[in-house]
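Asker: Let chain A serve as the given structure and place chain B on it in line with the hints.
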Amino acid sequence: MTAASATVSTSVRARWRLDLWSAGAILIAIMVAAPILTVIALAVTDSSDIWQHLWSTVLGLYVERTVTLMLGVGIGTLVIGTGTAWLVTMCRFPGSRVFEWALLLPLAVPSYVLAFVVTDQLEYAGTVQSALRDMFGWTRPQDYWFPEIRSMSGAVVVMTLVLYPYVYLLARAAFLEQSVCVLEVSRTLGKTAWSSFLRVALPLARPSIVVGVTLVLMEVINDFGTVDYFAVRTFTAGIFDVWLNMNSIQGAAQLSSVLLLVVLVLIVTERAARRGRRFHHTSTKYSELPSYRLRGFNAVLAFIACAMPVLLGFVLPSSVLASYALKFYEETLSADYLTYVANSLTLSASAAVLAVIIGLFLAYAVRLSRGPWVKIAARTASVGYAVPGAILAVGVLWPTGAVDQALSWLGGHFGITLGAVFIGTIAPVVYGYLVRFLALSYGTAEASLGRITPSMDGAARTLGANPMSALSRVHFPMMRGSLVTAGILVFVDCMKELPLTIILRPFNFDTLATFVYQYASDELLEESALGALTIVGAGIIPVILLSVTIARSRPGVR
Amino acid sequence: MKISTSLTRAARFALFGVALSGIAAATPTAQAVAAEEVNLYSYRQPFLIEPLLERFTAETGIKVNVVFANKGMLEKIKAAGANNPADAVLTVDIGRLYGLKQAGVLDSVKSDVLNANVPANLRDPNGLWFGLTTRARIALVSKDRVAEGELTSYEDLADPKFKGRICIRSGKNAYNVALIASMIANHGEDATRTWLEGLKSNLARKPQGNDRAQAKAVYEGQCDIAIANTYYMAKMQTNDEKPEQKKWADAVRVTFLNQGTDARGTHINVSGAGVLKGAKNRDNALKLVEWLSGDEAQKTYAEVNFEYPVKAGVAVADIVKAWGDFKADTLSMEEIAKQREAATKLVDQVNFDEGPTS
Numbered sequence: 001m002t003a004a005s006a007t008v009s010t011s012v013r014a015r016w017r018l019d020l021w022s023a024g025a026i027l028i029a030i031m032v033a034a035p036i037l038t039v040i041a042l043a044v045t046d047s048s049d050i051w052q053h054l055w056s057t058v059l060g061l062y063v064e065r066t067v068t069l070m071l072g073v074g075i076g077t078l079v080i081g082t083g084t085a086w087l088v089t090m091c092r093f094p095g096s097r098v099f100e101w102a103l104l105l106p107l108a109v110p111s112y113v114l115a116f117v118v119t120d121q122l123e124y125a126g127t128v129q130s131a132l133r134d135m136f137g138w139t140r141p142q143d144y145w146f147p148e149i150r151s152m153s154g155a156v157v158v159m160t161l162v163l164y165p166y167v168y169l170l171a172r173a174a175f176l177e178q179s180v181c182v183l184e185v186s187r188t189l190g191k192t193a194w195s196s197f198l199r200v201a202l203p204l205a206r207p208s209i210v211v212g213v214t215l216v217l218m219e220v221i222n223d224f225g226t227v228d229y230f231a232v233r234t235f236t237a238g239i240f241d242v243w244l245n246m247n248s249i250q251g252a253a254q255l256s257s258v259l260l261l262v263v264l265v266l267i268v269t270e271r272a273a274r275r276g277r278r279f280h281h282t283s284t285k286y287s288e289l290p291s292y293r294l295r296g297f298n299a300v301l302a303f304i305a306c307a308m309p310v311l312l313g314f315v316l317p318s319s320v321l322a323s324y325a326l327k328f329y330e331e332t333l334s335a336d337y338l339t340y341v342a343n344s345l346t347l348s349a350s351a352a353v354l355a356v357i358i359g360l361f362l363a364y365a366v367r368l369s370r371g372p373w374v375k376i377a378a379r380t381a382s383v384g385y386a387v388p389g390a391i392l393a394v395g396v397l398w399p400t401g402a403v404d405q406a407l408s409w410l411g412g413h414f415g416i417t418l419g420a421v422f423i424g425t426i427a428p429v430v431y432g433y434l435v436r437f438l439a440l441s442y443g444t445a446e447a448s449l450g451r452i453t454p455s456m457d458g459a460a461r462t463l464g465a466n467p468m469s470a471l472s473r474v475h476f477p478m479m480r481g482s483l484v485t486a487g488i489l490v491f492v493d494c495m496k497e498l499p500l501t502i503i504l505r506p507f508n509f510d511t512l513a514t515f516v517y518q519y520a521s522d523e524l525l526e527e528s529a530l531g532a533l534t535i536v537g538a539g540i541i542p543v544i545l546l547s548v549t550i551a552r553s554r555p556g557v558r
Numbered sequence: 559m560k561i562s563t564s565l566t567r568a569a570r571f572a573l574f575g576v577a578l579s580g581i582a583a584a585t586p587t588a589q590a591v592a593a594e595e596v597n598l599y600s601y602r603q604p605f606l607i608e609p610l611l612e613r614f615t616a617e618t619g620i621k622v623n624v625v626f627a628n629k630g631m632l633e634k635i636k637a638a639g640a641n642n643p644a645d646a647v648l649t650v651d652i653g654r655l656y657g658l659k660q661a662g663v664l665d666s667v668k669s670d671v672l673n674a675n676v677p678a679n680l681r682d683p684n685g686l687w688f689g690l691t692t693r694a695r696i697a698l699v700s701k702d703r704v705a706e707g708e709l710t711s712y713e714d715l716a717d718p719k720f721k722g723r724i725c726i727r728s729g730k731n732a733y734n735v736a737l738i739a740s741m742i743a744n745h746g747e748d749a750t751r752t753w754l755e756g757l758k759s760n761l762a763r764k765p766q767g768n769d770r771a772q773a774k775a776v777y778e779g780q781c782d783i784a785i786a787n788t789y790y791m792a793k794m795q796t797n798d799e800k801p802e803q804k805k806w807a808d809a810v811r812v813t814f815l816n817q818g819t820d821a822r823g824t825h826i827n828v829s830g831a832g833v834l835k836g837a838k839n840r841d842n843a844l845k846l847v848e849w850l851s852g853d854e855a856q857k858t859y860a861e862v863n864f865e866y867p868v869k870a871g872v873a874v875a876d877i878v879k880a881w882g883d884f885k886a887d888t889l890s891m892e893e894i895a896k897q898r899e900a901a902t903k904l905v906d907q908v909n910f911d912e913g914p915t916s
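Chains as they are written, first to last, in the numbering used here: chain A, 1 to 558; chain B, 559 to 916.
Be careful, since some hints might not be right.
Claimed, not checked - Listed next, the stretches of chain B that the computed footprint assigns to chain A, with coverage defined by at least 3 CB atoms under 8 Å from CB atoms of chain A:
| id | region |
| --- | --- |
| 1 | 614 to 620 |
| 2 | 640 to 646 |
| 3 | 686 to 699 |
| 4 | 722 to 735 |
| 5 | 766 to 772 |
Stated by the list, open to error - Each computed DSBU-like pair below joins lysine-lysine, with the alpha-carbon atoms no more than 30 Å apart:
| id | chain 1 | residue 1 | chain 2 | residue 2 |
| --- | --- | --- | --- | --- |
| 6 | B | K805 | A | K327 |
| 7 | B | K793 | A | K327 |
| 8 | B | K835 | B | K668 |
| 9 | B | K885 | B | K869 |
| 10 | B | K668 | B | K869 |
| 11 | B | K857 | B | K659 |
| 12 | B | K701 | B | K885 |
| 13 | B | K800 | A | K327 |
| 14 | B | K857 | B | K793 |
| 15 | B | K764 | B | K721 |
| 16 | B | K636 | B | K793 |
| 17 | A | K327 | B | K804 |
The set of hints was computed from the structure by calculation and includes no laboratory data. This structure is a prediction, so every number in the text was calculated from the model and none was measured. Glycine included, C-beta positions come from ideal geometry on N, C-alpha and C.
Next up, chain B with everything else stripped away, as it sits in the complex:
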């Protein structure tokens, strides 16, 4: 019969499709069945954290399954509901940690180890998230063209004497948003808007590139002052594969801002972790976070990634030590996170990313 032939053919077409997606679904994906493991969602790039995770597995026998993405994780956790396969989250920037907390996906953790290792201002009071490292947002100033003491504070960045001399990445970058948020927390929105306008008119070029690119621009003579995170500086200083980056680093001087006796200290941000609600491997997840706050992991963070360990007594890398000690802003991380939206809007209002000409 005609109908049935046409039907079966159509059905075969459809079945083929279904079969294909079935094959796709059945392909092994190292999903969690074995006893000792922990499933990790990471906002940090694998090449940064793999050495740490491998050592954790070697020491504890707990396998770490990891997937990296720098956006969409929260939605992935929420959409899966009770079926969410992830046990813990690893991330940079307080904004993300706070976002996860606000969304209610983090579980409260009581751990004497974590409470002892992580200072109170770098963790959530209810144990929802824990800072694991800090990084400071500093000025990298030209050794030739900026005198010692010429730039001492974030507020100075708006001073007209720096017109056409500052390079910075997009105002919408998480680290800049956090910096602007800390300005709002300290000075209020109106004063920060004026400051941001001043900074914008001092820019040498339209905001672009990453932190490293700003130091490169100082080296190339496009500007005199670059704003960057500390670990970028150390990575340029030690880059044997791309020796030209050592030249960029040589051209600049590390300058911690707001260091005077009455000053509030340099703006810092954290990388951190949290255990997820409904984690199937909760014990292992907690073990992982605790381990990351321990001596060995903290030392690795310091020496491989050039971040500042949160645990007291763990030494920073020699090259980082050479920049000298600094006073960090003690403003609570959550206070910064709460001002992020306002900071983002200010960036729009002053049209910061259009650069100095508009």
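Isolated chain A (complex conformation):
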């Protein structure tokens, strides 16, 4: 064989290989995007007059409320998440080792649980105001002023407390993954600790932090339970109103599509702002991170900054739940409690594993591809996070039903009566989770890959590794921490997930979340407190594991 023909065949091979990754990625992306595309399709099939009605009445208000909520929770989670991550990663103060994992705990608390508990404590009849009335002898609401709990600020506080761990988690992983060299250089060049943080560490960690905040914002956009509880009328509240009160799933799909558009704009804007400012780690040389020992006033401040979110976001709701559970355990225990636990675990674990595999596959395919198509496909597949769960469930139903009907039709040709193959099983639930939470795993994988300099790929390939072995031998070890993070995020989120589970599940099938919901939907959370406490408890273990993995993920640290 001549040298020339060898070269030709290699380049052909290279291109072919590339196309296989792209084709696979696009195929998977289409499967994941099918429910989202269904929602868009539903939106264009109908031209009802809801827009005129909404425009002339409440649309402006919905938009204003949604934007306010996004700003409030976005800023809140950014400050708390990044600030505490930096403190526990770079500083030593009393309790800092405990806070490393404790700061993640609110992640395990479903926001509707925190909403219920906070309202229960702070509303007019709650513990706090009752105590104040006793203390000062007030008897009527007109006697004094107290902030309205079921309000925008209530919703912002509650959502910030349960969502900041996303930012914390990703920011901390990024801070840990960063090479200490740049920080040392920055300090030797005369920067203070603060300005090293602001000018060096923060920009380096920015892609991860942005992913975290984007996830938070999407979560804010799609939330219905919490805003409904706090009587905050957001865009999503409008979607449900159009769907259920005006009997128009098409109208609801139109509104949801607008949300999707907002999210796409958000993502594109962020990318544009970042264009040309890429930061990679150029080495995998890591030494022990320096830890600044805080003393005196600074140590107290750091302690309070880390303790508050944990106290309010975790200790308060769990202890209130525990006290309810002591009183109302019968409802939970007399139900098929252990089966619910097993169901929750099975669904969440399978969704988490699938989401990480597919997320990593897509992120890597995007890295390999040259053209825009893979990237567009991958991004479309990961916007499911921004769609309210119940609407996404409808989006899952149609493709699943269509596949079922196609199979029945096919079976009919062979004289087999298939009936429903997927509908009525748990497959649509796992599919729904995947569609909804792919953003978590894809976003995390993408951010983590982005921090690995492309020259690593080049080196690996030059040394004869194909894309697959480069991924498994070079990238994967560097990304391990981030991927476990992604898996656990998906797991914990699936444990709490409600609307998809409740709509897509089969007959006689309950998870912890659906069991709790039948009471919580009528504001009777106390009666299912043990179930709710179990959701929290089941979330704690992976969350602690997660923290350990992240701490160990730092190469060079054993």
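Answerer: Same frame as chain A, now just chain B:
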């Protein structure tokens, strides 16, 4: 060869995923294979209906497979098409029943039992849906701060003398939408808009919480009048697990509105059921709906859930009886359902859910 290794690895990755979802799909889900069963989609919470369904199974030997969700059921039925596994639907609020009917998924049922048990104004003329219980939307007024006869009609709720004294849940809640729809059916849209604006300016606070929370607010002194469904009152009165709710109930007086000789009667809503088109277990589904309209089930509805049975001759719970008899609005349920969209839009137009200050 390089290509094949990379391919097989990629393929293994993909296969793993497929295998996982396969396992997921194969996990047993108690799907319908056994002979005597019926598959039920329920908008009602399991803890409310389970005692009934268990008794049905004990009596008939028909197993009831049930899944509860309070939204998305219609879409689930439609998406499955001919493969829809559900046989019957159980729901509250006429809006849902009517929505299912409009979507064309309900099957027409001819049953002498149902026709005898369910009064004609509480069922579909073509047997598409049947009301099983009714509930009245009443005023719970403060015993101390509202005199007998001070509030007698829904129309009164807009009277300025009640400024800052009324508590109600979101105007978008199904029960409030139905109430507003009944106002539209009686007075027309313009008059109802004026009424709703009046009611809004009489509110003590932004609409929030459920019906129970409104009674609690009366007890706490935030307002004098709460609007609620009847069974909430009975459940508070009998709540041994949370005795504080008995205090809330003690603070209020049950007031049926529009009761005068010329008045149209108190607004009521229904819970009901329907058999689905293409039901695989149609006979069993029909048996279930018939059974739910029978003496035993009706008695349970009355005594456990404190609803009003539809079947003549079945007694209400003692505690409900103590509130006295009332005249119910005879307006057809479908008339109410037809005005729901208009009612929803009115709630937006007057910006009801922003409460009294805006």
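Asker: For each hint, tell me whether it holds in the structure or not.
Answerer: To see whether the hints hold, each was checked on the structure:
no.	hint	in the structure
1	614 to 620	violated (count 0)
2	640 to 646	holds (count 4)
3	686 to 699	violated (count 0)
4	722 to 735	holds (count 4)
5	766 to 772	holds (count 5)
6	B:K805 - A:K327	holds, 19 Å
7	B:K793 - A:K327	holds, 18 Å
8	B:K835 - B:K668	holds, 14 Å
9	B:K885 - B:K869	holds, 16 Å
10	B:K668 - B:K869	holds, 17 Å
11	B:K857 - B:K659	holds, 28 Å
12	B:K701 - B:K885	holds, 22 Å
13	B:K800 - A:K327	holds, 10 Å
14	B:K857 - B:K793	holds, 16 Å
15	B:K764 - B:K721	holds, 13 Å
16	B:K636 - B:K793	violated, 36 Å
17	A:K327 - B:K804	holds, 17 Å
Checked against the numbered hints above, the structure breaks hints 1, 3 and 16 and satisfies the rest.
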